[in-house]
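S.K.: In case you want the letters, here they are:
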Amino acid sequence: MRLPRIHSLQARMVVFFVILLVSAQAVLVLLVNASGERIAKSRIAQELMVGERVFRRLIDQSNRRLGDAARILAADFGFRSAIATRDYGTILSVLGNHGDRIEANVVMLADLDRVLLADTLHPDRHSAVFPFPALIDAAQRERQATAIVLIDGKPYQVVVVPVLAPVPIAWVAMGFAIDDRVALDLQAVAGLQVSFLSQDKAGRWSLHASTLPAALRAELLTASGFAAGPDGPKFLELGGEAYEMLTPVLSDGRDGRVVAVLQRSLREGLEPFNRLRAILLALALISIGSSVVGSVLIARGISRPVNRLAAISRNIRDGDYSQRADVEGQDEIGDLAASFNHMLDGISTREAEILRLAYEDTLTALPNRAMFHDRLRQAVLTARRTGEPVSVMMLDLDRFKVVNDSLGHAAGDQVLREVASRLRGLLRDSDTVARLGGDEFAILLPTGTPERVTMVAQRILRVLEAPIVLEGQPVDIGGSLGVASFPLHDDDSDMLLRHADVAMYEAKRGNTGFAIYDPRYEEGRQTHLSLLGELRRAVENDELSLYYQPKIDLKTGAIRRVEALVRWIHPTRGFVPPIEFIPFAEQTGYIKRVTAWVVERAVQQAGIWHRDGLDIAISVNISTRDLMSNELVEWVTDLLARHAVPAEQLCLEITESGFMEDPARALETLGRLHGLGLRLSVDDFGTGYSSLVYLKKLPVQELKIDRSFVMNMVDDEDDATIVRSTIELGHNMGLEVVAEGVEDLAALEFLRRLDCDQVQGYYISKPLPTAQFEAWLEARRQAERTEATTPA
Amino acid sequence: MRAAGWSLPVLALLTAPALAGKLSVTVTDSAGAPIPEAVVYAMPLSGRMPSTAPRAAVIDQINKEFVPFVVPVQIGAAVTFPNKDNIRHHVYSFSPAKIFDLKLYSGVPAKPVIMEKAGPVALGCNIHDWMVGYVYVVESPWFTKTAKSGTASLDLTDGEYDIRTWHPWQHADVPATRVKVNGAEVRVSFRIDLNPPPKVTAH
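For the record, the sequence lines run as chains G and A. Per the working numbering, residue 1486 is the first one in the first sequence, and the count goes up by one each step. Per the working numbering, residue 529 is the first one in the second sequence, and the count goes up by one each step.
Where hints are given, some of them may not hold.
Said to hold, decoys possible - Here are the computed distance ranges between Cβ atoms for each label pair:
| no. | chain 1 | residue 1 | chain 2 | residue 2 | range |
| --- | --- | --- | --- | --- | --- |
| 1 | G | His1607 | A | Asp683 | 29 to 37 angstroms |
| 2 | A | Arg616 | G | Val1674 | 50 to 58 angstroms |
| 3 | A | Arg719 | G | Asp1545 | 50 to 58 angstroms |
| 4 | G | Asp1545 | A | Asp683 | 57 to 65 angstroms |
| 5 | A | Asp683 | G | Arg1610 | 29 to 37 angstroms |
| 6 | A | Asn723 | G | Asn1582 | 28 to 36 angstroms |
Said to hold, decoys possible - No more than 20 angstroms apart at the CA atoms, straight line, and that leaves these computed lysine to any residue pairs for SDA-like:
| no. | chain 1 | residue 1 | chain 2 | residue 2 |
| --- | --- | --- | --- | --- |
| 7 | A | Lys631 | G | Ala1560 |
| 8 | A | Lys626 | A | Asn591 |
| 9 | A | Lys631 | G | Ser1566 |
| 10 | A | Lys626 | G | Asp1572 |
| 11 | G | Lys2251 | G | Trp2261 |
| 12 | A | Lys708 | A | Thr554 |
No lab work stands behind these hints: they were computed from the structure. Using N, Cα and C, we set each Cβ at its ideal position, and we do this for glycine too.
From just these sequences and the hints, can you work out the full model?
M.R.: The following block contains the structure:
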């Protein structure tokens, strides 16, 4: 058993009860001790006094008995006859003879004149005066008289009666020696130690009879101070034992006095009390012992379940929910245990829910990225042992972003759920399909032989070809798959996933449906990795810069507008194309920081040019997210004011999809920006699904035709039609039309014929850093002036 | 016997030439109450007394008592103790004047007891401790005892006498009163203290 700590509940309870009980018992024992001893002592004193009364009564009775006997004897006719003879010898012999009959030790005869006629003790002494005249006086009155007297220094009970014939003719005295037998008889009745002592006239004490053992008699005699002192019990120590004693004086006569010593042993007197005390002490010890046992049991009954609960709660802390508290009994401990179990259930249920949320994608109920990583890691670990191949697939939906942008999130969610359900339907239970985020899915094939992988990939692609019906409209989604296998491509689970990702991008780029990883894909893709961190650093370290691509006014040939384009010159990788970080930044939300940087830098540049007298407006692309921001308008206002830039010098280019998500809000923001006097432009016009109704409502001044139409329009009739229609549409709505992607003179001339307002493209100039752009601009103006002065 | 008792004064009267006088005695206690049963007798100073035979006396035992209680007799008198009860008695005396005992008997004992010495003879019964009686033996022929009235009288010849009285319960000897009888009546009174013994119940 573990030793209980002194702080433990159990120890405290035990200590409390034991102290309580010990105190109570101690008080009781002390009380009994104090009052018990007092009571016992007073009882002893009482006994002693009762004993004395009994003793005196016994002496009286003995006297009377002896007197009666003596009277009967004295009335004996023979006795009287003998006395009447007046013959001394006859008288002496009859005294001896009749004295023997009642066991008298001494018999005396006196005549009516109180002259001693005979004395059995001193046969030679007669004609003396009778020694106890007072007894004769008393006998005259009472017919008999008795007393304890000293004869030759020894105590006798003496009885005096007349000899009647029939009137008194003489007095006879009979003496009975007081010896040990007498003392023993008295002790038997009175219950006291009885001793008879005498003190002669010289003050010497002698002891004559006693119930005490011989050794104590001598000691009693030497301790004879008892004669003095007050009446009532006195204390005496004899033979190492304590006594209470009384010393009644039995006679005080001519020759001295006789004293009885009555003793009661304190030890004997206290014995019942001591026995009681011993019983009480034993009871106290027993009750203390049993209370210790009892309180230990009760305390353990409390502390053991509590300790168990504590142990279980430690298990819970360590994540072990397997143990439950034993619910024993109806008491508070039982209630506590039951509550404890409820708490345990609650915790484990909530933890299961948290785990589920942590490892499950709530939208599709598929495993999430974290769980997929886990399973992949497990599969790889298992595969390392078994040597079985493991394959990972990354799936990205081709047209999900379009659906999401044009039909809203709800539609997007429906697409994701439908895709999840289709994928799960065609995979084995041992395979894992997870949604990693966005429209990105991953599939783990733990037994992925190359044949099966190819087969599964084709089946997935086929299943995704079937259109998904959204709001009654069939929508083609399609997807691109990348595959990487263990141990063929890598033996690390994270690397496998990245390889599959790379392969997926490759498939998407090549529009091949699916691709199996090839190390060559890595070239040029490497940069995509860990972009976010680096992009963040780039913004902070000013690794980004703005390039400016000029737009030519086809009517005047003047350069009054430029589009600011962000460029990232990585310290080690060199130039990073925007397509590699802008979409990524849009996905992660970091685009806001990038946009802020771009706008601020552009406004700053516009301010510089404005001060330098250059009339050049700068266009900046802003993202959908920027348009949804509440602070955009205030922030832009503040920026323009800070750099003293007129509002019309800044143009914001927005993609169609930018305002399709929440048109009302986008319209509101755009309206306020327009109110500021800013120029607004719709970028990439023609690629989205934007409605002309919205276009009509938008407070924009400009349309930008997407480069994909412009680049092929010279050869492609359809594209040419689109470009022409767009220009006409724009003009009809009072908007300026800008064409980008102009790469040769034919395109420029074509657009001029279509009455396009402005053009932009490599044919005019590629995007240039500030200094080069300024140089280019200066050179061009120089040329114009030359042209003007020397016409061609 | 009784006839003889009666004849004696007559004889004296007849024979004595001398004149005679009457002695009247009254015995009372210190309170003046009369004391009966007190023996009264006269001792002549001359010492001369008529040599007449002492009169015999009878003490009955009736109902476990000696009757009479006190009987004065002259030395030499024979006293008989007729038992009138239907039980036996054992009459005794340990008095120095006469020690005797009449063992258990009924009726009249064969022999009377002769009182040879002057003095009180206390009578007892060995069976009945409470029975007490007295014979008072005097030397003088002139004796009597007081009646209930405490008075007694004696006819004495002229001359000088010591008049004495005795009662069983008396404390001490009563001093004699000396008188001179000369034809006339002489009155003597005694005042004595009595110490009556405690009454003992008869069985």
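S.K.: Would you mind marking each hint as holding or not holding in the structure?
M.R.: Quick rundown of the hints versus the structure:
1. G:His1607 to A:Asp683: 29 to 37 angstroms: violated (56 angstroms)
2. A:Arg616 to G:Val1674: 50 to 58 angstroms: Between Arg616 of chain A and Val1674 of chain G, where Cβ atoms are some 44 angstroms apart, the hint is violated.
3. A:Arg719 to G:Asp1545: 50 to 58 angstroms: Taking Cβ atoms as reference, Arg719 of chain A and Asp1545 of chain G lie about 42 angstroms apart, which means the hint is violated.
4. G:Asp1545 to A:Asp683: 57 to 65 angstroms: Given about 59 angstroms between the Cβ atoms, the range holds.
5. A:Asp683 to G:Arg1610: 29 to 37 angstroms: violated (54 angstroms)
6. A:Asn723 to G:Asn1582: 28 to 36 angstroms: holds (33 angstroms)
7. A:Lys631 to G:Ala1560: Holds: Lys631 of chain A and Ala1560 of chain G sit about 16 angstroms apart, inside 20 angstroms.
8. A:Lys626 to A:Asn591: Answer violated: Lys626 of chain A to Asn591 of chain A is near 25 angstroms, above 20 angstroms.
9. A:Lys631 to G:Ser1566: holds (13 angstroms)
10. A:Lys626 to G:Asp1572: holds (16 angstroms)
11. G:Lys2251 to G:Trp2261: Judged against 20 angstroms, a Cα distance of about 11 angstroms means the pair holds.
12. A:Lys708 to A:Thr554: holds (17 angstroms)
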